[in-house]
Amino acid sequence: MLTPIQLILISAVILLAATCVRSKLFGRMVPIAVGAAAISLVILPSAATEIAHRFGVGRGTDLVLYFSLVSIFFLLLRFQIRIRQFDTKVTEILRQLALLNAKRLEKDDHGR
Amino acid sequence: MESMDKREVWVVIPAFNEDEVLRAIVAAVAAEGYSVVVVDDGSLRRADLFLRGLGVDYVRHPINLGQGASLQTGVDYALGNRARYIVHFDADGQHPVQGIADVVAAVAGGQCEMAVGSRFLRPSDAARVPVGKRILLKAGALVNGLITGLWLSDTHNGLRALSREAATRIRIRENGYAHATEILELARRAGLRVKEVPTTISYSDYARAKGQSMLNSLNILIDLLLRRVLR
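Read top to bottom, the protein sequences are chains A and B. Be aware that the first sequence starts at 1, since it is given in my numbering, and climbs by one per residue. Be aware that the second sequence starts at 1001, since it is given in my numbering, and climbs by one per residue.
Hints listed in this document are in silico derivations from the structure and should not be mistaken for laboratory results. A hint or two may mislead.
Label pairs and their computed distance ranges (CB to CB) [what the hints assert, rightly or not]:
#1 B:1171 to A:100: 17 to 23 Å
#2 B:1206 to A:69: 43 to 49 Å
#3 A:54 to B:1221: 38 to 44 Å
Cβ-to-Cβ under 8 Å is the rule here; a few derived chain B residues that face chain A [stated by the list, open to error]:
#4 1052
#5 1053
#6 1055
#7 1056
#8 1058
#9 1062
#10 1073
#11 1077
#12 1173
Yeah, the Cβ is synthetic: ideal placement off N, Cα and C, and Gly gets one too.
Bound-form chain A, shown alone (with noise of 0.2 Å):
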């Protein structure tokens, strides 16, 4: 039988990578979220572990540790994500200029 906090943990990595994963709002509200929750956390430390109680897990670190790991993978999918269009843009650039420079190889004597 899956805890609560697997249930949370789970949804929330298949939810990243199927939908906010391309959201621009989304992208931009996890750092806000990440630091508000730091802040928070560093005023009342005590805070955490209650809160991992209710949600089945035995410490406040630990909580912290596992949506770390789900705001990492979220990282990681926007950054590859932001790499291919990249990816694609400078291919598109390059491919333009490679056109704008082709040449004919004229045929000569030495050619068969």
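Assemble chain B onto chain A, guided by the hints.
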């Protein structure tokens, strides 16, 4: 094929560090009367040094972009030069020049919009494929079928012919080797008819050394899976 102007058949040959080997292959294709564009994918030594006097067209990527990117560059060039049929042809000499006429005939005859070579349609061709390679290719065909829904016998054959119309509707975005599957996927989505044509592959030591390793097949597979998630 008699009535066809062979100059309207554009053969795209992507080349990366093929050096001396390239000349014989390009010369053989050009000698048949086809239009040829060699796409030099940022080779260390410029490929045009090996192609002097052959009467072929030459496009060079300033840096190495990958075989998929090279094919698309060549296709763009051919489309801009009144191509009626476009052929993808490997530079390592594994395809016989006769294969060009075979795949083009299938498209020109109206049987399909895209014809792809297969080394598994004739027992004599299949027998020439080394065992390890055969297992790899069959695994590739299985993955390809699952992804594209097109069940072909040989999905990683570099010999293809496309009608002009088909070439305009397929745009390769996979710069690396995942383009073989991508092309089929795009063809299927565009509703193009794809037909396999028997071809012979010669496994010279050179072609074998240039060919795909087992490890690289894994890279291709990961590219294909990422492509599903990331686009």
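Do the hints match the structure? See the list:
1. B:1171 to A:100: 17 to 23 Å: holds (19 Å)
2. B:1206 to A:69: 43 to 49 Å: holds (47 Å)
3. A:54 to B:1221: 38 to 44 Å: Distance hint for residue 54 (chain A), residue 1221 (chain B) holds at roughly 41 Å.
4. 1052: holds (6 Å)
5. 1053: For residue 1053 (chain B), the interface hint holds, since the closest Cβ of chain A sits about 3 Å away, which is under 8 Å.
6. 1055: For residue 1055 (chain B), the interface hint holds, since the closest Cβ of chain A sits about 3 Å away, which is under 8 Å.
7. 1056: holds (6 Å)
8. 1058: With a minimum Cβ separation of about 5 Å from chain A (threshold 8 Å), the hint on residue 1058 (chain B) holds.
9. 1062: holds (6 Å)
10. 1073: holds (5 Å)
11. 1077: Holds - the Cβ of residue 1077 (chain B) comes within 8 Å of chain A, reaching about 6 Å at its closest.
12. 1173: Interface hint status for residue 1173 (chain B): holds (6 Å vs cutoff 8 Å).
When each numbered hint is compared with the structure, no violation occurs for any of them.
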